[in-house]
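> Here is how the chains run, residue by residue.
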Amino acid sequence: MPAESDMTATPSRAAAALADVPREPGAPKPDPIVIADNITRTFGGLRAVSVDHLEIQRGVITALIGPNGAGKTTFFNLLTGFDEPDTGDWSFNGTSLNKVAPHKVARMGMVRTFQLTKVLSKLTVLENMRLGATGQRGEGFLAAPFRALWSGQESANTTRARELLARFKLDAKESDFAGSLSGGQRKLLEMARALMVSPELVMLDEPMAGVNPALKQSLLGHVKSLREDGMTVLFVEHDMDMVRDISDWVVVMAQGKVIAEGPPDSIMSDQRVIDAYLGAHHDTDITQLEDVLEAEGHQALEEDGDNRE
Amino acid sequence: MEILQGAFHDAISPFALSYVLAAIGLNIHFGYTGLLNFGQAGFVAVGAYAMAVGIASFDIPFVLALLLGILAAVILALILGIPTLKLRGDYLAIVTLAAAEVLRLIFSTSFKDYFHARDGVSGFTATFRSLNPYPDTMTSFATFSRNDLWVMTVGWILVALVCVYLWLLMRSPWGRVLRSIREDEEAVRSLGKNVYWYKMQALILGGVIGAFGGFIGALGLASVQPDSFNADFTFIAFTMLILGGAARILGPVVGAVLFWGALSAIGSLLVQLASGDNPIIPPSMMSTDQASNVRFMVVGLVLMLLMIYRPQGLFGDRKEIALDAR
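Protein sequences, first through last, are from chains D and P. Here the first sequence stands for residues 1 to 309, numbered as in this note's numbering. Here the second sequence stands for residues 310 to 635, numbered as in this note's numbering.
For the record, the hints were derived by calculation from the structure and aren't laboratory data. Treat the hints loosely; a few may be bogus.
[Claimed, not checked] Pairs of lysine-lysine, BS3-like flavour, derived with a Cα cap of 27 Å:
no., chain 1, residue 1, chain 2, residue 2
1, D, K216, D, K169
2, D, K99, D, K122
3, D, K122, D, K216
4, D, K29, D, K257
5, D, K224, D, K169
6, D, K104, P, K421
7, P, K395, D, K122
8, D, K29, D, K122
9, P, K421, D, K99
Since we're looking at a predicted model, the values are computed, not measured.
If we strip away everything but chain P, and leave its shape as in the complex, we get:
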């Protein structure tokens, strides 16, 4: 019971929310348009840093800071997209992966007055927390603190709005052009569509939604640290997307929730099995300290099996995914 409660907590926490939004952005890039963006962490990071530094160092209003975060993601998309979107898909993957790492290193080593290196940026949540409508007397609800609850309320409403917006977009002729580009961009070009511009729009839109993930993650943790935006972030988001099913509106949402839920449940289960006077798993095989790493192995194994036997993800349509699964 405790395991399930912990799993539920992790699966819908503000931390998971930032992954949900990052994975939704990747779904636009990879699932619908076929763009291999391996630097989604970069978009999340610039969103989080632009908002946090804007408030903490320059004392700009909260709403303006959010707009600044969105603007940062748009600019990053333009910088990455202009040179690479005319080239073959692999180049975008290389450039985005490198760019995200460059950004992380800049945040962790440079402009220490603003980015505070590995300490991270903090002290930007005052306005957001002052808007919290939950009564002061309520210190916690279920396993969540009052602050977490407020971040989650905003975050899940945001996820819902983004999903509805994407559903409207993807059923339109605009969405049809994106899906066609994923299939064969030369054919789309021969029918008079400006493929380059559509790819740019998709990169920007997915990047901005990634930046939303940065906002929620930053507000949830009340600090922004460079190392949370390493390459693992992007690959975990990709894993969630494929787990849930690419090119499905709810695929990344379900994938992210299940991923964190499963990760948390497997982790607690392993700890339980390895602890106590007479542990089921002997300490020579795995100590309780190692459980948090071993859980990633188990999750990895589950994902491998999933890719072999159900490559379209849990909710995907085998006939309509970017991965050619036949």
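Only chain D is shown next, with the shape it has when bound in the complex:
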């Protein structure tokens, strides 16, 4: 881990806290914000998630990677209350979240985004943002008809929403319907909207999927800035460049289990991870891959075919 990163002081401090953490699955962290124990979830006969122990360090960016079907999104759903596990217990800031409804999880400061973006298409961008603010008096049925009771709060929320939109370069779009945004802009809006909740932990499910390269760079910057603002980030991603670039810690899942943990550099060179996820030929150009595999007689595929895509 390049601890002497000279970009900002925060990442090095964040990474330094993890310097002594053993690079093994379920490693205890010095200051965990989320602790999960013995979480299992089966769909019919398939054991989608089976995590013995996992801790997420506060104030750093943790990446959750793994092949398709590894159970990453299911694990996200379980942690945020959108799905119920068969067994297990998990806590956020020391409070158990077992059987806690998703909206209460969000109010505690653990806010997620979705793999398939969920913008509210027939509301404007600004209305999408305002919806995110918590503790709105105007959302109470009795107070709602009386504008005087909530207009002050509403304009404060609007100011904050406009600041966030400006930061995410969506300010020119504020009165457009969210349904008219491009895929990448929807990802940005969803992230900005999650920030309206004032979360402590932001959970991003594939923030880069379908985002063009130019927008990717600015999204990377946004994710890093969340950490600088003191938030904890947990994200699922397939884009290895992004994982290498911004994460302080990487958790690898395969077939529902956590198979490896560690800083990105050591994870990228971990043979188990390469076998399970990246494949033995992750550096090979996709067009040449067929030739290489043919030359090897599909040997690798036969050895651990289950772990492959």
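Go by the hints and put chain P onto chain D.
Relative to the frame of chain D, chain P by itself:
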């Protein structure tokens, strides 16, 4: 001229008013929150029956009877909502449709001492009529009787008040949460809103406004009969809502008035065309007796064309309706 007069009469009559209020309630359910309530007739029925039976059988004061009607609608919303609002939208549709039919059958077959089966409940209008401010000497105005006029005055003032109240509600953050639930309830949940509770509030509010429709309809007809609350009632109210434009405050009001107006005008027109010595429509095609059924066919055809060419309704915004019209 007679046709237009008849159409005008039907379009603003107490009978139409009960549909206006039922459709406004559905607009909250379906237009704003995306809840598929196919049992609005049930809410209208419990409102009408609770008020009518309260006065006719138990002799309770008029105001208390109205409160009883509102309470009945709230309880019905809770009974229907608690088990179904956590499930997918279709389940609410099935349960509400069935519940409304169950209620209608109970009213038409059971507790005959109170509900009087198909004869219906009557004799509950005395207090309401005694409050009529129009002079006794005025027996009728235009085509309306003095009693109708009083019911209509109260009814249209009620519609106006309800519309203003809804306008205030729907421009507030509360209304924003409802519209967001219609779009994607998971997203709303992920932002810390109790979606289940908001859906319950919407179901209750729309149901109570439906019960208001029951009051007005009952006071207008001076009797409450079970068969007026069949499934057709709900579907006609849905038709009015979509005709006028869902998720618009005045959509269901305009839709209901136009629907009854058009239905009445088409009906009289068909009768005129089919009657006389040398009818334009020969009796072999349609007799005057059949005109009242054929008018529904014509209205149905008009609605089909409307849905194809203008799915957002007459006043709706194509960009903002529950039906995904792109």
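> Hint by hint, say whether it matches the structure.
Here's how the hints hold up against the structure:
The suggested pairing of D:K216 with D:K169 holds, with an alpha-carbon distance near 13 Å, which does not exceed 27 Å. Note on D:K99 and D:K122: the hinted pairing is violated, with a Cα-Cα distance of about 32 Å set against a maximum of 27 Å. For the hint linking D:K122 to D:K216, the alpha-carbon distance of about 26 Å falls within 27 Å, and the restraint holds. For the given pair, D:K29 sits about 19 Å from D:K257 by alpha-carbon distance, which is consistent with the 27 Å threshold.
Between D:K224 and D:K169, the direct Cα distance comes to roughly 16 Å. Compliance with the 27 Å bound is thereby established for this hinted pair. In summary, the hint linking D:K104 to P:K421 is not supported, as the alpha carbons are separated by about 48 Å, beyond the 27 Å threshold. Distance restraint check for P:K395 and D:K122: the Cα-Cα separation of roughly 23 Å lies within the 27 Å cut-off, and the hinted pair is therefore satisfied. Using a Cα cut-off of 27 Å, the hinted pair D:K29 and D:K122 is violated, with the two alpha carbons roughly 43 Å apart.
About 47 Å separates the Cα atoms of P:K421 and D:K99, which puts this hinted pair outside 27 Å; it is violated.
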